[in-house]
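Residues per chain, in single letters:
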Amino acid sequence: MAFYVDIRRCIGCRSCEVACERVHGGRGHVQVHFVGDSASVPLFCHHCEEASCATACSFGALFKEGERTAFDVEKCTGCGLCSLACPFGVVWTDKIAHKCDLCDGRPEPTCVATCPADALSTDFDLLARRARSRAARAAAQGGRR
Amino acid sequence: MTKVLVPTVCPYCGAGCGFFVAVERERAVGIEYMPDHPVGEGALCSKGNASLEILHHQERLTSPLKRKGDGWAKMTWDEAIGLVARGIGEAIREDGPDKVAFLASSKCTNEENYLIQKLARLLGTPHIDNCARLCHAPSVVGLNRSLGAAGMTNPIPDVANSRCIFIIGSNLAENHPVISRWVHRAKDAGAVVIVADPRATPTSWMADIFLQLTPGTDVALLNGIAHQIIKEGLMDREYIAERTRGFEEFEESIREFTPEKAAEITGVPAEEIIRAARAYASSPASTILYSMGITQHTTGTENVQAVSNLALITGQIGRPGTGVMPLRGQNNVQGACDMGALAEFYPGYRRADDPGTIEFFSAAWEAPALPTSPGLTATEMIGAAASGDIRAMYIVGEDPANSDPSSLSVKSALEALDFLVVQDIFMTATAQAADVVLPAAAWAEKEGSFTNTERRVQWSSKAVEPPGSALPDLEIICMVARSLGLDFDYPDAASVLAEINRTVPQYAGITRERLAKEGGLVWPCPSCDHPGTPILHSSGFRLADGRAYIVPVPYRPAAEGQSPEYPFLLTTGRIALHHNAGSMTRRSPSLIGRAPDLFVEINPADAEKLGIGDGDLVDVSTERGVAQAAARLTEGMKRGVVFMPFHFPGTNILTTEAADPEARIPEFKVSACRIARRN
Chain A
0 MAFYVDIRRC IGCRSCEVAC ERVHGGRGHV QVHFVGDSAS VPLFCHHCEE ASCATACSFG
60 ALFKEGERTA FDVEKCTGCG LCSLACPFGV VWTDKIAHKC DLCDGRPEPT CVATCPADAL
120 STDFDLLARR ARSRAARAAA QGGRR
Chain B
0 MTKVLVPTVC PYCGAGCGFF VAVERERAVG IEYMPDHPVG EGALCSKGNA SLEILHHQER
60 LTSPLKRKGD GWAKMTWDEA IGLVARGIGE AIREDGPDKV AFLASSKCTN EENYLIQKLA
120 RLLGTPHIDN CARLCHAPSV VGLNRSLGAA GMTNPIPDVA NSRCIFIIGS NLAENHPVIS
180 RWVHRAKDAG AVVIVADPRA TPTSWMADIF LQLTPGTDVA LLNGIAHQII KEGLMDREYI
240 AERTRGFEEF EESIREFTPE KAAEITGVPA EEIIRAARAY ASSPASTILY SMGITQHTTG
300 TENVQAVSNL ALITGQIGRP GTGVMPLRGQ NNVQGACDMG ALAEFYPGYR RADDPGTIEF
360 FSAAWEAPAL PTSPGLTATE MIGAAASGDI RAMYIVGEDP ANSDPSSLSV KSALEALDFL
420 VVQDIFMTAT AQAADVVLPA AAWAEKEGSF TNTERRVQWS SKAVEPPGSA LPDLEIICMV
480 ARSLGLDFDY PDAASVLAEI NRTVPQYAGI TRERLAKEGG LVWPCPSCDH PGTPILHSSG
540 FRLADGRAYI VPVPYRPAAE GQSPEYPFLL TTGRIALHHN AGSMTRRSPS LIGRAPDLFV
600 EINPADAEKL GIGDGDLVDV STERGVAQAA ARLTEGMKRG VVFMPFHFPG TNILTTEAAD
660 PEARIPEFKV SACRIARRN
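Note that the protein sequences, when read in sequence, are chains A and B.
Under numbering that gives the first Met the number 0, the letters of the first sequence match residues 0 to 144, in that order.
Under numbering that gives the first Met the number 0, the letters of the second sequence match residues 0 to 678, in that order.
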């Protein structure tokens, strides 16, 4: 299970950041970035199919486990190669590596559950449907939306 | 160790999201979401997620305090209540009850607000108000007049059923974030979103049509839209004939108000005004959401009236997906008003100057000598404190020293009082001026009902004990009342709600037992078998002949305009990470860490002329004073207008006391100012 963002919906409220921090003992794994004054987007681990962080990790601390990129804190040496390897800048190293764990043990990631604007979802098909219907409307109206 | 999940209502905005506080060993250890909640569906904004940070906060007030020299001395509750009774009692005996004023709190429960206003009125003073005066007093006055009820007409989730959503003077994406999920749901189904605001905000990101008007020109914009609707015959003639009165005078009053004239005043291109008029009037279901960008003006009541005029001439009210939706700012500002913590209304919006009201409450409270006229409003009380007409004040959970306009003069007014009691959870700037400070319980440390912006009454349970010897406001009010010789025998919130069921018709069927259900009940709920009324006005209005009133509103400019000395218009508002005067959010590490400083937004072209770069420290000055802020350059700001959030003490030093003549709300949204880079 991974989760996805509908950037059309993100309102930049940073609720995902605060919620993630709250359930991870003060260390969050989401960062909301602002694109000028016109949009915002939460950045978080995509649990890549071919995870460069896992490839880079010489100690087996980061590894693929089904769809997710898992992390074994016991094996982490804090070398920081994973942070350098991540193309999205969402693996951080501060003594050890920190990244999204999909809120292991919870029914869904906390950021997804808390997003006020419903911008985050684990349902890829839902987001794809929304995007397609937006595109269809834009085409029908001959405009950019 | 077992974890217990206690259902509570979020202490921040008026959306009324619910969540569970997880309690372990008598400490609040976490939050669990409430996926079945009707408003938020489990979602919480950043403030909701951070709310537990204030429960066990080290700066919480834990003991009653009295002033001792320049500092404070702790005292027992017995001593504290004795001091309060003596201070208030002496003022009443020596100067008369009308020299004493009470401020109730839109953060307290319905039961607590009911008791505070009852205490004030039983003591004989008409001066009771709450900070609704600073946010939605014009909605109370304006909507009561035009629609016969002063609440949001439709539920928040009903926004999803709308096909045109007109958001004016509200940055709901930051201030009521969960509402944006319903706006987006409507957009998914093809709804058009119109946003009118002097600044581009995350709310305007959702807009199909963005009307960037000059602050204080809302009536001109709304009249221009109405003119175009009538000109194109897009009004609902049948609805106007059957359900309203006043249309002819209204039509006459805006005959000259063409979109071109509106464009000249507002700075919004006429073609955009025409687009908005067509979208709003021709959609099968249109709703208007508004907030303090409409109300916080010297023309606040007129702005509200102009909003409801649009809904009435197009018949966009009384059905799913339609409505007039004032978004209230605090978790119980709706309830504080419903409970009569207002200068001009007894509980249930019974007018204070109506002899029938006095007769009813004299009988209900067995009190022969109730005050028979409207009292001073929240801001008038401060003026009266400065002039000596008010000698003692009892302020519960409000911080006028930060939240009122021209705040430097507020502080000196509070210091001029003979006696000031402040009851709060933190040592606020207002409490700093008090003689006695009483430590209160926060939302999760007590129980009671809260009414959200859509009139939904929800029960919030007690999760943990208050810190130290702090007590729920309800217990404190009862102790004070008893020490002043009143018979306040209320063992718990449920017993107060039972009295509210008898005295407030809208709440007659909203009993403690029925509130046990998640999601609560929506007033009016006149009897115990009534399901509540999510949509108002579906079968006429509670006014003469059941008709709503279309009121002509001429355009008047704001009290202050640009001048050579003060060439900019300062407008104020809120940001996602803070709440109101900030006494809670500025102490919440995960919020203040993300938004630590006061800033002023300015258009880059304006900044360049002044030699101001992004991040530069600037002095913003008005006739009232000077505040320091960091410049934030943004194209989203209209030229000639600057914006500051009011969560930091600096902002309200600058704002004007000029107020709406009827609703007495200050014009926080327009102050003439100048800006200079600090050397």
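Hints were generated in silico from the structure; no laboratory data involved.
Built from N, CA and C at the ideal position, the CB exists for glycine as well.
One should not assume that every hint holds.
Stretch by stretch, here's where chain B covers chain A in the computed footprint (C-beta under 8 Å, at least three residues) [said to hold, decoys possible]:
# : region
1 : 18 to 24
2 : 32 to 40
A few chain A residues that face chain B, going by a derived Cβ cut-off under 7 Å, partial list only [what the hints assert, rightly or not]:
#  : residue
3  : GLY11
4  : ARG67
5  : VAL72
6  : LYS74
7  : THR76
8  : GLY77
9  : CYS78
10 : GLY79
11 : ALA112
12 : THR113
To see whether the hints hold, each was checked on the structure:
1. Residues of the region 18 to 24 of chain A with a Cβ under 8 Å from some Cβ of chain B number 4, which satisfies the need for three, so the listed coverage holds.
2. By the rule of at least three residues with a Cβ nearer than 8 Å to a Cβ of chain B, the coverage given for the region 32 to 40 of chain A holds, with 5 such residues.
3. The closest approach between the C-beta of A/GLY11 and any C-beta of chain B is roughly 5 Å, which is under the 7 Å cut-off, so the hint is satisfied.
4. Proximity of A/ARG67 to chain B is violated relative to the hint, the smallest CB-CB distance being about 22 Å (cut-off 7 Å).
5. Because the smallest distance between the Cβ of A/VAL72 and any Cβ of chain B comes to about 21 Å, over 7 Å, the interface hint for this residue is violated.
6. A least Cβ separation of about 28 Å between A/LYS74 and chain B goes past the 7 Å threshold, and the interface hint is therefore violated.
7. Taken as an interface hint, A/THR76 does not check out: its beta carbon lies about 29 Å from the nearest beta carbon of chain B, beyond 7 Å.
8. With its C-beta approaching chain B no nearer than about 24 Å, A/GLY77 sits outside the 7 Å limit, and its interface hint is violated.
9. The restraint placing A/CYS78 at the interface with chain B is violated, with a minimum CB-CB distance near 28 Å, outside the 7 Å limit.
10. Below 7 Å, beta-carbon pairs count as interface contacts, and A/GLY79 has none with chain B, the closest being about 24 Å; its hint is therefore violated.
11. Taking 7 Å as the C-beta cut-off, the interface hint given for A/ALA112 holds, the closest approach to chain B being about 5 Å.
12. Proximity of A/THR113 to chain B holds as hinted, the smallest CB-CB distance being about 5 Å (cut-off 7 Å).
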